[in-house]
Amino acid sequence: MNEFIFSALANLCDPLNILLMLGGLAGGIIIGALPGLTATMGVALMVPVTFAMDATSGLVMLGAIYVGAIYGGANSACLICTPGTPSSVATTFDGYPMCQAGKADQALITSLLSSSFGGIVGTVFLLFLAAPLARFALKFGGPENFWLCLFGLSSIAVMSSGNMIKGLVSGGVGMLVATVGLDPHSATPRFTFDYYPLIQGVEVIPAMIGLFSISQVLYLIGSYKPFIAEYNPTPGVFGLVARELLGKCKTILLRSSFIGTWVGMLPGAGGEIASIIAYNESKRWDKHPERYGTGIIEGVASSESANNAVIGGALIPMLTLGIPGSAVAAVILGALLAKGIQPGFKVFTVTGDLAYTFIFSQFVVNLLMIPVGLLLIRLLVRLLRVRLTFVAIGIVLLSVIGSYAIRNSMLDVWIALLFGILGYFCNRVKLDTGAMALGIILGPMIEENFGKCVSLSKAPGSSIIQVFLDSPIAVILILLTALSLCTPFLMQWRRQRAAAEAALPADPVLKAKTDWLKDILSGAFVLAIAAVFFTQIHELEDVGRKYALLLLAFIGLMGLYLCFQGFRLRRLQTAGKAPEEEPVAMRRVAIIVGASAAYAAFIPILGFYPASAFFLCLSAIVLNDTTTSPYLAAALLTLVMCLAVWLVFSMLLGVPTPEGLLF
Amino acid sequence: MNSRFLTILSLFLATALLLAAGPARAAYPEKPVTMIIAFTAGGSSDVQARIMEKYWNKYVPQQKWVFVYKPGAGGAIGFGEIAMSKKDGYTIGGINVPHLPIQAATQKAQFTVDSFDYICQVVNDPQCVVVRKDSKIKSAKELFDYAKANPGKLKVGLVGPNSGHHLMYLDIKKKLGFPVTEIFYKGAADQNAALLGGEIDAMLGNLNDVMRSLEEMRVLSIAAEKRNDFLPDVPTLKEQGFNILSDIRRAFVAPKGIPTADLSFLRETFKKICLDPDYLSDMKKAGQPAEYLDGAALYKYMQSLSATIKEAFAKK
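Chains as they are written, first to last, in my numbering: chain L, 1 to 663; chain G, 1 to 316.
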């Protein structure tokens, strides 16, 4: 290693490489911050560009984009409650409440510093422990991955404590929706409802764009607020946040970064799981877990340090074994192979110059990210000064192009819109969209690994129980899952004891007047979904059928329970001091839903840019909520958005936009 | 006056002649050609097509390729997109074999092998029989013997189901009897990890994928007609008396029924590219086992493969 240090550092001082790192970071942060453009896509789009560079510079640039994009997702998560990449779902839990409390700058700087910290921890592991960690990652086979996914899923219980049934059934619905497409065991289509394109399945990203961005648009449009949130810049905010992080968040940062590195190493599991596990572990071990979700920097710090630590972790098996630890690492591996570089433990000796330059560049990139990020944060908080209606309309445009760009498929745009409406409905009836997203992400992995375990158990002298329980790692994961499932009960017990000590009446449960209706509606909703899927069940066979039936039975039972609970609540309900509901402008919500659907329908006819211009302009005029004339503002919004999208997507990134018949 | 009239007349005639000859002379391609890739940007198929693009620009500098990625359902979405695109010669795409004929045979796919005009084959990536470096098994024969002596004991990893790996596995089973426990993986990365981690004892894997983790693996044999330049020491299955041939191929196609002249232009240009020594050295650097096969021969191969597939998967 020592012989490469100086040449690697010299490589990094090359002005071209510094420029590539800065450009990659800035581009990555913007890609990450835009809902719909993910880190995977950002890196993949730049791979052809690296063909014209030498291998080292190309790799350094791709690494910088990766780091920037994973961090960038936090910005939209905090500001508009829309995770820019799947990795920052958990960042919304506390980041958005912070923003609403007027502390947007604190949330953003917490994300920035935690990301940088997590990234550096991950890189330290990559530099010093790559070989042993790669060996450890290989121990994760079918059973271990199965239990890991269940452990991730069990976090729903912690996430939605107090509302566990709804959390669990939401997770189940997510898992069910994720079964649309090709059956992994028989490779035959299932739940496609005789519509062939559905064979490509429900892709995670459009579903998440719907569940988070579009449902958030509907919420914002329906609220009577003029701006997303008040924003009061805190003087000396950088020093304040840095002190808090180094003070009370030391343990959280370290633990989350370890979790991130570890999850990153495993093929298949990436940032989206790491950040949720880290968030829940922070919540579980906190003295006051109920503070999580109300807007505290610990929550943001856990999620953001974990997802950036994933990067170092994911690169470990990629460089040493040729096995990528995440989807982005897989793309980078492709770029390496195209350059004729063989991964393997020899990568640190035979091509040591390249390997160490790359690893050191990761340190530099994570440090450079702080000034670059600070600069961009200054621009991004201005978003809070834009009228909410305009922000919401703009998000629809970005969501449409983002979901289209993933597979260049209009079907994905419709999926995003559908999930947007579903997500909005779920939020209204208090079903958990976060749990649903987790179900969509983890469902296919659980099913796949379950299938592997069943196959493994067919070997002579083996049984299904033995396969599932054979390794110590599996047993540890089972124990962790059990602990995780008990957590909500422990938390409740602790709360009750605290209440008893303070001689207070135990938790006076205040039920809103319409709570019983929400329970019945959510119960009916999940029952309806289960029924729709049940009509197709006859097409399935074998493991796929059993898995789907199990999910349907679970959802059905929970749905019935929710309906039952609703009716019971209705009887018990007493008039009196019920908390008031936030008023909702349903007419405005209906308008934006209709406008978005018309927009999607007109894209294939008019082409992307004309349809977008019409949509932006007309919705801005119709939804205008100020007393002044809307025409100038609408024209300005149309011009600025179209121009910005054209510059960023068409010119800079070369993302294809949908073509219409006319244009 | 006379001369002026003549000048005008000749100019007029020349223009008319140019206009008449125009469509014939301003030959295909007169606008950019759309290249549909059925896998994600930056993937193996994309990398190969990007190398092709470099040499297309050398031979046809006037018109570029516009890449369109239509990934999903193991390529089936993109293949369907090619089959259903306009037959004007301006949309072509990359396909993978045997993915395409298997999908045509086993799913309600939107295409058959007859939905395409075949331009040429560019890659032949043979399947390998692989074990871990520390395995006791040293040759393909030992592997097959061990499997027969201990039915079900050997765990073999495949990418699939209904894939090229699966097809080869069914072929081995039919010809040699191969009583093993089969485990399917979603992709080569998972499969490689499982072999290195000891979850499986052996696997069938593509040369290109195996090359990534070569340090940790022992390639027992290769299911090709002749040895491969990337692994010259690895014997073929045929050499050892096992009549098993299996590979994954990449090819370029157009939707069936594009103008004959355009198809022959594409076929000729692709042939020039595939025989270019610089192209071949780029391919070798990228770990892509190049093998050219012309359109007609490829179509013939597709038809016979299609029949084999229907038989193999019907019996399964």
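Quick caveat, the hints were computed from the structure, so don't treat them as lab data.
Yeah, the Cβ is synthetic: ideal placement off N, Cα and C, and Gly gets one too.
Please note that the accuracy of each hint is not assured.
Some residues of chain G that are not near chain L, with every Cβ distance over 12 Å (derived) [claimed, not checked]:
id: 1; residue: 29
id: 2; residue: 53
id: 3; residue: 62
id: 4; residue: 69
id: 5; residue: 76
id: 6; residue: 81
id: 7; residue: 110
id: 8; residue: 137
id: 9; residue: 154
id: 10; residue: 171
id: 11; residue: 176
id: 12; residue: 208
id: 13; residue: 216
id: 14; residue: 228
id: 15; residue: 257
id: 16; residue: 305
Result set (SDA-like, lysine to any residue): computed pairs, CA atoms no more than 20 Å apart in a straight line [to be verified]:
id: 17; chain 1: G; residue 1: 186; chain 2: G; residue 2: 197
id: 18; chain 1: G; residue 1: 285; chain 2: L; residue 2: 654
id: 19; chain 1: L; residue 1: 458; chain 2: G; residue 2: 151
id: 20; chain 1: G; residue 1: 58; chain 2: G; residue 2: 84
id: 21; chain 1: G; residue 1: 133; chain 2: L; residue 2: 132
id: 22; chain 1: G; residue 1: 54; chain 2: L; residue 2: 571
id: 23; chain 1: G; residue 1: 153; chain 2: L; residue 2: 461
id: 24; chain 1: L; residue 1: 458; chain 2: G; residue 2: 177
id: 25; chain 1: G; residue 1: 285; chain 2: G; residue 2: 215
id: 26; chain 1: G; residue 1: 284; chain 2: L; residue 2: 344
id: 27; chain 1: G; residue 1: 64; chain 2: G; residue 2: 214
id: 28; chain 1: G; residue 1: 64; chain 2: L; residue 2: 652
id: 29; chain 1: L; residue 1: 139; chain 2: G; residue 2: 151
id: 30; chain 1: L; residue 1: 458; chain 2: G; residue 2: 148
id: 31; chain 1: G; residue 1: 86; chain 2: L; residue 2: 657
id: 32; chain 1: G; residue 1: 153; chain 2: L; residue 2: 471
id: 33; chain 1: G; residue 1: 284; chain 2: L; residue 2: 48
id: 34; chain 1: L; residue 1: 139; chain 2: G; residue 2: 198
id: 35; chain 1: G; residue 1: 64; chain 2: L; residue 2: 51
id: 36; chain 1: G; residue 1: 284; chain 2: L; residue 2: 342
id: 37; chain 1: L; residue 1: 139; chain 2: G; residue 2: 214
id: 38; chain 1: G; residue 1: 226; chain 2: G; residue 2: 151
id: 39; chain 1: G; residue 1: 153; chain 2: L; residue 2: 457
id: 40; chain 1: G; residue 1: 148; chain 2: G; residue 2: 178
20 Å Cα cutoff - pair residue 458 of chain L, residue 177 of chain G: 18 Å, holds
Exclusion check [residue 76 of chain G not at the chain L interface, CB over 12 Å]: 7 Å, violated
Satisfaction of hint between residue 654 of chain L and residue 285 of chain G, Cα-Cα up to 20 Å: Roughly 27 Å separates the two Cα atoms, so the pair is violated.
Minimum Cβ distance from residue 171 of chain G to chain L greater than 12 Å, as the annotation requires: 18 Å, holds
Residue 284 of chain G paired with residue 344 of chain L [C-alpha distance capped at 20 Å]: Holds. Residue 284 of chain G to residue 344 of chain L sits at ~19 Å (cutoff 20 Å).
Given hint residue 214 of chain G paired with residue 64 of chain G - CA-CA distance at most 20 Å: 37 Å, violated
Given pair status - residue 571 of chain L, residue 54 of chain G, alpha carbons within 20 Å: 74 Å, violated
Non-interface claim for residue 176 of chain G versus chain L (Cβ beyond 12 Å): 20 Å, holds
Holds or violated: residue 284 of chain G to residue 342 of chain L, with C-alpha atoms at most 20 Å apart: Given pair residue 284 of chain G, residue 342 of chain L holds - Cα atoms ~13 Å apart, limit 20 Å.
12 Å cut-off, C-beta based - residue 305 of chain G kept clear of every residue in chain L: 18 Å, holds
Least C-beta distance from residue 29 of chain G to chain L larger than 12 Å: Fine: 19 Å to the nearest Cβ keeps residue 29 of chain G off the interface.
Satisfaction of hint between residue 151 of chain G and residue 139 of chain L, Cα-Cα up to 20 Å: 25 Å, violated
Violated hints for the displayed structure, listed by number in ascending order: 2, 4, 5, 6, 7, 9, 12, 13, 18, 20, 22, 27, 29, 38.
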